[in-house]
Each structure stands twice: as structure tokens, then as C-alpha cells.
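Student: Going line by line, the protein sequences match chains A and B. Here the working numbering is used: the first residue of the first sequence is 1, the next is one more, and so on. Here the working numbering is used: the first residue of the second sequence is 1, the next is one more, and so on.
Where hints are given, some of them may not hold.
What the hints assert, rightly or not - Straight-line distance between alpha carbons at most 20 angstroms, and here's what the computed SDA-like set of lysine to any residue pairs gives:
no.	chain 1	residue 1	chain 2	residue 2
1	A	K93	B	D237
2	A	K125	A	L111
3	A	K193	A	G164
4	A	K93	B	H220
5	B	K18	B	G61
6	A	K93	A	S109
7	A	K93	A	Q123
8	A	K125	A	R209
9	B	K18	B	D59
10	A	K125	A	T86
11	A	K193	A	A65
12	A	K93	B	G61
13	A	K93	B	N202
14	A	K93	B	D59
15	A	K125	A	T146
16	A	K193	B	E3
17	A	K93	B	L182
18	A	K93	B	G32
19	A	K193	A	P84
20	A	K93	A	P106
21	A	K193	A	P25
22	A	K93	B	K18
23	A	K93	A	G196
24	A	K125	A	I184
As the list claims (entries may be wrong) - Footprint (simulated), chain B over chain A, 3 or more residues, beta carbon under 8 angstroms:
no.	region
25	57 to 63
26	82 to 90
27	153 to 161
Derived from the structure by calculation, the hints contain no laboratory data. We treat Cβ as the ideally placed atom computed from N, Cα and C, and that holds for glycine.
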Amino acid sequence: MIPMLQVDSLEKQFTLHLRGGLSLPVLHGVNLTVHAGECVALSGPSGAGKSTLLRSLYANYRADAGRILIRHEGEMVDIAAAPPRTVVQVRAKTLGYVSQFLRVVPRVSALDIVAEAAPDRSQEKAAALLHRLNIPTRLHALPPATFSGGEQQRVNLARGFIGGHPILLLDEPTASLDAANADIVIAMITEAKARGVAIVGIFHDAEVRNRVADRLLHVAPLQDAA
Amino acid sequence: MTEETLLSARGLSLHFGKVPALVNVDADLWPGEVLAVVGESGSGKTTLLNVLSGRMRADSGVTWYRDPQSRLHDVHAMPAPALRALHRSDWGFVHQNPRDNLRMSVSAGGNVGERLMAAGNRHYGNIREAAIDWLAQVEIDPARVDDMPRTFSGGMLQRLQIARTLVTHPRLVFMDEPTGGLDVSVQARLLDLIRSLVARLNIAVVLVTHDLAVARLLAHRIMVMQRGEVVETGLTDQVLDDPQHAYTQLLVSSVLQA
Chain A
1 MIPMLQVDSL EKQFTLHLRG GLSLPVLHGV NLTVHAGECV ALSGPSGAGK STLLRSLYAN
61 YRADAGRILI RHEGEMVDIA AAPPRTVVQV RAKTLGYVSQ FLRVVPRVSA LDIVAEAAPD
121 RSQEKAAALL HRLNIPTRLH ALPPATFSGG EQQRVNLARG FIGGHPILLL DEPTASLDAA
181 NADIVIAMIT EAKARGVAIV GIFHDAEVRN RVADRLLHVA PLQDAA
Chain B
1 MTEETLLSAR GLSLHFGKVP ALVNVDADLW PGEVLAVVGE SGSGKTTLLN VLSGRMRADS
61 GVTWYRDPQS RLHDVHAMPA PALRALHRSD WGFVHQNPRD NLRMSVSAGG NVGERLMAAG
121 NRHYGNIREA AIDWLAQVEI DPARVDDMPR TFSGGMLQRL QIARTLVTHP RLVFMDEPTG
181 GLDVSVQARL LDLIRSLVAR LNIAVVLVTH DLAVARLLAH RIMVMQRGEV VETGLTDQVL
241 DDPQHAYTQL LVSSVLQA
């Protein structure tokens, strides 16, 4: 089994300078290894730091201590310490992230948003994936700003999955979806695992979690853990 | 990853009287990378742009530019004609006010073609063809190639300035608040245009903006300036979503959510 992502002793706290330097510790001593083809679900109560951990794994949040090793082009790269340019390259080739909400770019159509994330910029593949996620052709040419929450999430999922990244981070990928669309996403996650993609996700829906996750990583609120 | 920088500055300092405009500023830019410089007015970001582009001198510090032949040039030690030649070909400068760059008494096509002529092109047919092609790329009706810029709207003028700047395929473009002062709908179109052109042509950009949303949309990296000092620098989304410095936290929390 090939480790794709390895977290050693990760620490994260927020220092709020506008609140007199108030310090909020969120993650302490987090260790995690995810192998190719494996899906680890982050569990724990709301506010425990699951999203903070997921965002730290993407280097969207800065780790205060510890290492986040990502297998990128055959080498383990510590994106907690890597220069920004390396992180940009790791994200382009290796590390994909599906956020809960689509950050829409004005004027860019749903089809282009997805195609731009495809390695070959293929509009055909983008259209096929949008169809699979039940986004009808008549919506493809429109910017998703006016789409429903569920439609935006599916555009976001299409953009996240089309890149073919060997590691995927999923933040509530089925939160705004009905059962039929959630089933499609579960099938896409299962197929990605079969291809060897390593996945870390937050899935609030217990049924979804049970169907995709191989293991759970419990994230406990620090006050309780202490 | 061993790729060399296109532009590097070390220890730039500049005072206007007692007011510090730049305090020991370092900056690096790699080919194809977009670097946003943000901060409130008076933070020194436009001064930094002017110094990096050789339009203004610092009191101390050095700025190096690597040309396509991989030769290093000290921007502030270059002879004036060489610097002008650089600004006409390998570099571009997009001003907040397009009238600072465009020639208002010359046709739209002439404004685009003039930069090609300055770069040594002499074939009238090719120049006109390139001008028409670039008008289309910035979404200006090619039928308006012979119209005077004064008949254009503000958004069109800004797009014409971008066509004029990019026609020589510069590797490095300096932009000073390129979307400032435009209606939001016009801004969105311009941002989308800059975003796609910069990515497609692999242009490196130093972008000065006070608008964090513009920085997020366009830039790979961001530098936050306050009173002439770089207080924070890093990945754009990391700096905006997890700001470390008190001033960055203030900037990020001061943005109105639309």
C-alpha cells in the first residue's frame, strides 16, 4: 500500500489580533496516514475542527507545527513548509479539493468552470460529467451564480473530480443534494477509490459515510480532549 | 522548481520626506505567475510598482530583471533607452486610467499598432491585422478599428489599453488598479478577460489592487503592505482565509460581503 498523504503531529491555532490576541487552539497532535484507494472520514461534533483540518491539508490554512506530506510526482512533499509556488503545483497536479460552496467567477459558464479544471481542458468531458451529475445542457452555458444550492454543489463536484487528482479532499460533498444525486456522488467516490485515489472527507450523512469510508478519524474538540 | 525568477528585488527602501513609502521590501516573481500587492491607499503599493518597473528610483536596494536570453539586468542601472525598449517590448504597464497610456488622438487600431511599430514591425497589413485580432480578443467590435478612443466607454478604453499592452506578447506586465473606477458589471468582464489572457499567454503580472476579491480571483501569491512594509506574504487563498498579521486580519474583516 502506498501512503499518499501523511500527517505528523499537526498543530493549528488561530490568533485573533482584533480580539486582543485571543488564541484559539483547534488541532493538537493530529496524525493521519491515507493510502492509495482509501477513504478516511473525519468525524466529530460540529466545531471540533474537521473543516480546519481539511483546509490545513489543502494548505488553505497554515499549520503552526507538524508536517503534511503529500505524494507529489513520486516524492513526499511537506506542503506545510513548502513555498507557495510548490503548493500551487501540488494543487494543480496532485491535490484536489471540493469545498462546500462554489466560489463563482462572474461571467464564466458552468461548462468552462469545469473544463478549465480538466487536465486537457476538454469541453466534452466537462459536459459528460455535468450530465452525469444531472446538470442539463441548457444550464451549461450559464454562469452558476443563479443556480440552486444543489446545482452549484454539483458543478463544484464536477470541477473537483474532472482533474483526476490522486488525492481528493471532500468537504460535505452531498450536503445540498437529494438522495438520487447523492447516490451518483457516492458512485463517483467509489470509482475514484477503485482507481487508487486517496480521499479524506467530511460526510455528515451517516449513510453516505458508511458507504464510502474505510476508516474514521475522530476529531475531538480540544477543550474536551484536555 | 529550480526555475529562475523573472524579477527579483532586495531591500528596497524609499522615503518621501519623513514618510516611509518602502521599507526594506523584498519581492520575487517567477515566469507566468500573478503576484498581487494589496493594502490601503498610502501603503506604498503603487510606489513599489513604480520602483519595480524602473519608473521610479528607490533610495536603496536593487531590482534585477532576467531577459529572454537569461541575462540579468539591474533595472535601475540600465541606460534609459534600454529601459524604454524593455517597456515597449518584453514589459507592459496597465494604468488605472487608460488615458495615461492611450493616445486619444490616434484611432483604436493605431493605438494597438503603434506598440508593434515601436517594437520594430513595419508591414502595415500585418500590423492592422494584429490590431483587429487584438480588438476582438478584448471584445471590442473590430468594425471600430478606425474610431477614436474618445468615442469609447471607460470599460472599452481599459480593454483597448490591455490590447495595446499585450500585442507585443510581453512576458511581464505591471498593473495598477486595472479595474478601479469601473462599474461592477464592466469590472467583472474585464477581470474575466485579464484572467483568461494571462493564463493563456502565460504572462507574469505584478498587480496592485486595494480590492481583495480581485486579488483572490487573479493572483497566485499576495503581498500585504502597510506603511511601506510588507507585513505578510504567501499563497493568496491562505493569506486571505487564514491571515496571520493583525493588519491583514483587519483588511480581510473589513470587506463588505455582497
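Student: Work down the list of hints and note, for each, if the structure agrees.
Tutor: Here's how the hints hold up against the structure:
| no. | hint | result |
| --- | --- | --- |
| 1 | K93/A x D237/B | holds, 18 angstroms |
| 2 | K125/A x L111/A | holds, 10 angstroms |
| 3 | K193/A x G164/A | holds, 11 angstroms |
| 4 | K93/A x H220/B | holds, 15 angstroms |
| 5 | K18/B x G61/B | holds, 18 angstroms |
| 6 | K93/A x S109/A | violated, 23 angstroms |
| 7 | K93/A x Q123/A | holds, 19 angstroms |
| 8 | K125/A x R209/A | violated, 28 angstroms |
| 9 | K18/B x D59/B | holds, 13 angstroms |
| 10 | K125/A x T86/A | violated, 28 angstroms |
| 11 | K193/A x A65/A | violated, 30 angstroms |
| 12 | K93/A x G61/B | violated, 37 angstroms |
| 13 | K93/A x N202/B | holds, 18 angstroms |
| 14 | K93/A x D59/B | violated, 42 angstroms |
| 15 | K125/A x T146/A | violated, 23 angstroms |
| 16 | K193/A x E3/B | violated, 34 angstroms |
| 17 | K93/A x L182/B | violated, 36 angstroms |
| 18 | K93/A x G32/B | holds, 17 angstroms |
| 19 | K193/A x P84/A | violated, 28 angstroms |
| 20 | K93/A x P106/A | violated, 25 angstroms |
| 21 | K193/A x P25/A | violated, 33 angstroms |
| 22 | K93/A x K18/B | violated, 48 angstroms |
| 23 | K93/A x G196/A | holds, 15 angstroms |
| 24 | K125/A x I184/A | holds, 17 angstroms |
| 25 | 57 to 63 | holds (count 4) |
| 26 | 82 to 90 | holds (count 6) |
| 27 | 153 to 161 | violated (count 0) |
Violation of the numbered hints given earlier is confined to hints 6, 8, 10, 11, 12, 14, 15, 16, 17, 19, 20, 21, 22, 27; the remaining hints are satisfied by the structure.
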